[in-house]
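Chains as they are written, first to last, in the numbering used here: chain Z, 1 to 590; chain X, 1001 to 1230.
Any given hint could turn out to be false.
As the list claims (entries may be wrong) - Some but not every residue of chain X turned toward chain Z, in silico, with C-beta under 10 Å: (1) 1069; (2) 1095; (3) 1161; (4) 1178.
Said to hold, decoys possible - According to the in silico footprint, chain X covers these stretches of chain Z (three or more CB under 8 Å from chain X): (5) 186-192; (6) 259-265; (7) 293-305; (8) 387-401; (9) 483-495.
No wet-lab data here; the hints were simulated from the structure. C-beta atoms are modelled at their ideal positions from N, C-alpha and C, and glycine is treated no differently.
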Amino acid sequence: MDLQPIHHEPTTFVKKYLFTTDHKVIAKQFLWAGLLFLLWGGLLAMMIRWQWAYPGEKVPVIGDLFLKESGGAITPDLYPKLFTNHGLIMIFWAITPMLIGAFGNYCIPLMIGARDMAFPLLNMLSFWVFVLSQIMVGASFFFDNGAAAAAWISYPPMSGNIGTPGHGQTMMMAAIFVTGVATIMGGINYVTTVIRFRAPGMTWMRLPLTVWGLWLTSVLNVLFVPVLGSAGLLLILDRMFGTQFFVAGANATGTGGDPILFQHLFWIFGHPEVYILILPAWGIVGDVISFFSRKPAYWYKGTVIALIAVTVLSAVVYGHHMFMTGINPLLGQSFMILTLVISIPAEVLFLNWLHTMWKGSIRLTVPMIFALGTVFVFGLGGLTGIFLGTISTDIYLHDTMYVVGHFHYTMAAATFLGTFCAIYFWFPKMFGRKMNPMLGKLHFWFSFIFITLVFGGQLVVGYAGQPRWFFDPYQYTFLQHLQDANIKTSWAAFALLFGQVFFVINFFKSMFAGEEAGDNPWEVGTLEWTIPSPPPVHNFDPIPTVYHGPHEYAHPGVLEKMGKDWLGQDEAFDGIELSASTDEKVAQGA
Amino acid sequence: MSANADSHHHGPVDWPQEEHVGEITAGKLGMWIFLLSDAFSFSGLLLAYGIRRGASDMWRCSEELFNQGLCSWLERPEPELGINFTAGLTFLLICSSVSMVMSYAAVVEKDMKSAKMWLGLTILGGALFLCGQMQEYFGTFAFIFHHEGLIKEGLIFGQSNYATTFYAITAFHGMHVLTGVTYLTVMWIKMLKGHFDDGNANMIEIAGLFWHFVDLVWILVFTLIYLIPL
Ligand SMILES: [Cu+2]
């Protein structure tokens, strides 16, 4: 029988900060790695925005540093590399490590009352394999012909040897494969940990919503990342070993292959990926809204059912990305209906969040406003998605900037604000100090207003007919009148970047000189707030016993007898007996 | 909290039973989840195979088609897969799954002598399967089987969907067999060192799960790639 051991505090630097098996340190490693690549992906986005505002003009600062050969301007050759790497870096190397790698690692054991992950060594391996994939991304820029340039979806024939020659593209496909391996390792760990390592009394229906979101995400990761791996593997075989899985037409010898096969394999993974990124954010938002409304989450069970429904449905709707590829109309219809059905569980989530806030004693803390911002931008993303899920409107909107605006609201804006919601909420636990709320609010308003404007601007020009991926849209007369709108959108993007300065200052200043946080600065009841900040290596000593769900607020009896409006998950209320000895419970119960 | 309770908090703590999965160990659960994940990577490859094969007018360029001039890009016709030989390999793999179960049962009964023998036979079965695959591809043991291997017979990786999917999928499975043989050998060395003498067969059971999975996938691969008639 396995036992939950107590790990001793490592003494050497290497074991404590580099090759560590402590899930809390690995979480921070993922956070740093993700923040670094978020900056990189963000700078690439700024260059794209510069190009759409002032095509052919010298890029300030970056142009002087990196683009000397072209006199500081973005060339047609460089341009596809920018949006390809922006997309891939943001999805696989910024959002994934931060939301899933960092907060999956940090929150799961602490919130379910475990001393570590189920497989600490696998956890460490997962991070270092991830770092390897990051190094491969960096390396892909240094080959002849430069970095990957076939867009994030990497469709053949564009991603084949003829569309994008050179080893940069191959390296990027290999990097996706390697980071996929890291993700699967993490996923196996998270799924197992939540199933098997929950503290006594932590039933499925008492799990914090954050853990639900992360768990469902991990299930999707474990199932669908391997399909992306297969597709990537076959593409690498095509590029390196002369096979023809995706090669057709004049490029093929003999019978050749089928480029559309790649689209199927890619989107079998690609659609669930959208939910892989958003489910953790939904979970976190569900918890945070309840915490700071000082009310139990409205219809917790309904929220959980809705999260599960979205997870299941996400696996059967991928065809909506291929309406314009040419699929059987009957299949198209089915995919359309299934896609639109997702709005039902999504509505349940939204209404539950709103209902949770209704008549609550709302505390507008920094994590709370970020959570509300997440809800708002995801709402915009969901509403604009209806027109892309419907075949008749998708025919007009397909491959326009409207698509770009839509998926950025869901995959970028909502996950971005959701990630910062998580950072502001758990920072006191991670580093033992509070962040400055004033700087946090400045960061929020800059981020929220400008991220909404940036992607709103994309929706507008897309609706007006601007296709995505155009190097210089104004070479076409019918798009020239959109330059004004694009310039304004670009300046909103630059303001968004500027707003992040408040976060950087706040983050580093608070880490070293912030006010001491204490065990439970937010006055909430989930298990991670019952232990010191930052927690000891083994988290819990003893393992807590859980008596009720994560959202016990504003209970009149508790207020009367305990003088506070919240109840810890490990506090028994009936007669207010405090947490009994775990060992005794375990001895009796298990 | 009593002082008495405090004194034994600092040790390892056992987990309670899970309401749905009972007392399953984390390692076993993790292996199941990994196998589910791995099944999806195989299904990605098999899906690609099925779509390519379903959509093609001509899958294998047989001698007859070649003589009609229908596959001008090839230098010679493509050979058939040797079903009889591979059926033998399949039988070998199924036998090794049985011996894996025998080894597990022997560990549970603390009959370590039989456990070592059965696990050894399992490893041997896996190793022979790999040798069989080498013979099939390269004709490594042509002096026994009088068969020069598919490559020399004209089935070249990359020349057609038939050749490419065959090699990609069987080699991907072969890598799993290699992993399994290595994994079981590590377990066997542990067993020789007396690691399982207490009758705790959990690690053997987990290794067995992987081995049965590799076996099961092979039966699928064999059916889909070898047995579906051209
Ligand atoms: Cu989709």
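For each hint, the structure was consulted:
1. 1069: violated (13 Å)
2. 1095: With Cβ-Cβ at 29 Å, over 10 Å, it is violated.
3. 1161: holds (6 Å)
4. 1178: violated (17 Å)
5. 186-192: holds (count 5)
6. 259-265: holds (count 3)
7. 293-305: With 0 residues in contact (Cβ-Cβ under 8 Å with chain X), the coverage given for the region 293-305 of chain Z is violated.
8. 387-401: Answer violated; 0 residues pass the 8 Å Cβ test.
9. 483-495: violated (count 0)
Checked against the numbered hints above, the structure violates hints 1, 2, 4, 7, 8, 9; every other hint is satisfied.
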